[in-house]
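Using the hints, put the two standalone chains together into the complex.
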Amino acid sequence: MYFPISDVTVSPIFLAGVGFVVGLLGGFFGVGGGFLAGPMMFLVGVPMNFVVGTDLAHMTGKSIVAARRHRALGHVDIKLGLLMVIGTLPGIELGARIIEGLESSGNIDLVVGLAYVIILLVIGTFTGWESLRAMQMVRTERTSAQDALAFQSVTRRVHRFRVPPIISLRESGIEEISLWLVVGVSFLTGLLAGVLGVGGGFIRMPMLIYLIGVPTHVAVGTDLFEVVISAGYGTVTHALKGNVDILMALVIHTGAAIGAQIGATLTRFFAGPRIRLLFSILPFIGALFVILRLLGVMKGY
Amino acid sequence: MDSSDRRLLVRNIVIEVLLYSMLVVAYFALVLRLLAEPLKKLFDSHLVLYAFAALALIVVQGAVLESITSFLLDRLRLERLE
Chain A
8 MYFPISDVTV
18 SPIFLAGVGF
28 VVGLLGGFFG
38 VGGGFLAGPM
48 MFLVGVPMNF
58 VVGTDLAHMT
68 GKSIVAARRH
78 RALGHVDIKL
88 GLLMVIGTLP
98 GIELGARIIE
108 GLESSGNIDL
118 VVGLAYVIIL
128 LVIGTFTGWE
138 SLRAMQMVRT
148 ERTSAQDALA
158 FQSVTRRVHR
168 FRVPPIISLR
178 ESGIEEISLW
188 LVVGVSFLTG
198 LLAGVLGVGG
208 GFIRMPMLIY
218 LIGVPTHVAV
228 GTDLFEVVIS
238 AGYGTVTHAL
248 KGNVDILMAL
258 VIHTGAAIGA
268 QIGATLTRFF
278 AGPRIRLLFS
288 ILPFIGALFV
298 ILRLLGVMKG
308 Y
Chain B
3 MDSSDRRLLV
13 RNIVIEVLLY
23 SMLVVAYFAL
33 VLRLLAEPLK
43 KLFDSHLVLY
53 AFAALALIVV
63 QGAVLESITS
73 FLLDRLRLER
83 LE
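These protein sequence lines map, in sequence, to chains A and B.
If you're matching positions, the first sequence starts at 8 in the working numbering and goes up one per residue.
If you're matching positions, the second sequence starts at 3 in the working numbering and goes up one per residue.
The following block holds chain B by itself, in its conformation from the complex (with noise of 0.2 Å):
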């Protein structure tokens, strides 16, 4: 690997890593403080739907977080770092 192809992604790396930040900042204020109490009560009340939600909110989680960097790596026109 060259000098400019480490710039590179040096440069990927630091955009993905302020893209990533700016959305956890606005998933901690926004999404855990909606989330926690209804979860709560739902952990207290029907464990059986809060485990299936828990499953549910992980993988959802897990898809939207790579949708979303995706398309902000495709809209900004970077390489993929893997």
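Next up, chain A with everything else stripped away, as it sits in the complex (with noise of 0.2 Å):
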């Protein structure tokens, strides 16, 4: 099928399926998954600034009715989500008109390729090393409360930064906290969400566990609300860009839609270290995807 606004052919049926297994991920890992979305979208031979703003667009359609579940279920810190707009938007502005100015200069590929790989790598090998650290934990009988108690050094240690205005964020327990602490964390996912088209939900999760100190429930709730608000403010500043072809994310939508529920469900057949175990593999394929398209390998795929 001919997608006229980005300019590329491109089979409707690979989309849909690329959004089932993104939604399927999702669903099962409860991430966005825009970390592969894009991979693929670029191995196929959509423009990279076009990878960018469709990703976001078609994130902000999934996020919606997670986030709405969520809500009704009283995980989300609204107060919470909202200050974090303060940093996310601004953040996401700065990324789209870098990834302009990069599409301008004819670095877009190669900066935007290297960022993702170097990321992506990160994540991976953060995630492995964290869930087996976990699994061992289990072997060796030592709660997951330990383990708790274990990060929550990390997050004491963070909460010693005390600018004022220090706030409370009573829905996630935090009794004082350092607005900037917020503003900083949002900021620098924003920033990430806008230059690589990722919801930041990866990179987000584990700050507002670690740093921020949020409760994990909490942390899912709150990171979709805030994931709708900066895909939504993404899709619509790339889209003023030129670089959102929205045909195309309606179509990675229809199959992320049916993927993110199956993927839910599937949940409940494994336990939790063991789905982190086999997350932090997803990464590392999506660096493989970028790397191969980067050297050309795989062009005429």
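Think of the hints as simulated: they come from the structure by calculation, not from any bench.
Any given hint might turn out to be false.
[What the hints assert, rightly or not] Here are some chain B residues pointing at chain A (derived, C-beta under 10 Å):
hint: 1; residue: Val26
hint: 2; residue: Phe30
hint: 3; residue: Ala38
hint: 4; residue: Leu41
Glycine residues also receive a C-beta, built at the ideal position from the N, C-alpha and C atoms.
What follows is the structure in structure tokens.
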């Protein structure tokens, strides 16, 4: 099928399939899946600027329903989510401008591709290490509470940064925290979302838990709330710069919707550490796609 | 989860995949062909309008797909998968 906006011909079945796989992984692992959808679109010849904007667009549609469900369960800290918008939106805007600048200088594929590879490798390595550590703890009969205490020491150290204004986040059980810490974390994730076309969930989630100290279930819901806002804003700002093929995003979203539901169901059959260990393989696969495309090995795919 | 629950889950997944597949095929055949040209014109001539139309389309599609699935599953008296 010819997509006139991005001027590329891609099979809609392939795109719906990408959406299905990304939705399945998102439902199963609780991530947006942009880190995988992006490389796969890039692989079949979609220009990088359209990869970034289109990825954000399909993510918006996918996250709305999930965020609504989490809100009903009381898993969304609205105050934290709205405060994070203060940092996220300028971050996305700066990221989009960087993309625009790289596009005009002709370096976009190389720079964004390399950034993708580095971040994917870091995430894969960290998740693999963390899940193996968790599995080792289970074997040595250490409880999950001890695991949480180990990471709380990191949180406590971060909370020593007490530049005013100091705020409280009652829904997350946080009595005092510097607003600048919240804004800084959200700015960084927004910047990455804008540059890489990812929702930032796979970066924001560990930051919310380990740096800000948000309980995991609230972090999941608040992250989805934040993804709706950041990806929605990213969709508009990238579309204004001509970086969104909405037809392509709509096709990807059709597959993602069903994949996400099936993925969520499959989590009932697997334990947490094993899920995270399986997840750690995915970023390496994503990085491999980008490396092959950058080397020109799979350009004719 | 016992085996009867698993069977029910698998049955629901299969039915939901079939429902979605039919919807997606109809979607490719009708909606995308109808939308392609007007959206391309909008993209070329009014980028601001295109940007907000893009956001509206993806939000509406998310809500509509969810509503249609819920409606069909209710009519078929199937449990939600989540």
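Hint-by-hint comparison with the structure:
Restraint check, Val26(B) versus chain A: the minimum CB separation of about 5 Å is within 10 Å; hint holds. A hinted interface residue such as Phe30(B) counts as satisfied when its beta carbon comes closer than 10 Å to some beta carbon of chain A; here the least separation is about 5 Å, so the hint holds. With 10 Å as the threshold, the beta carbon of Ala38(B) comes within range of chain A, its nearest partner Cβ sitting at about 6 Å, so the hint holds. The restraint placing Leu41(B) at the interface with chain A holds, with a minimum CB-CB distance near 6 Å, inside the 10 Å limit.
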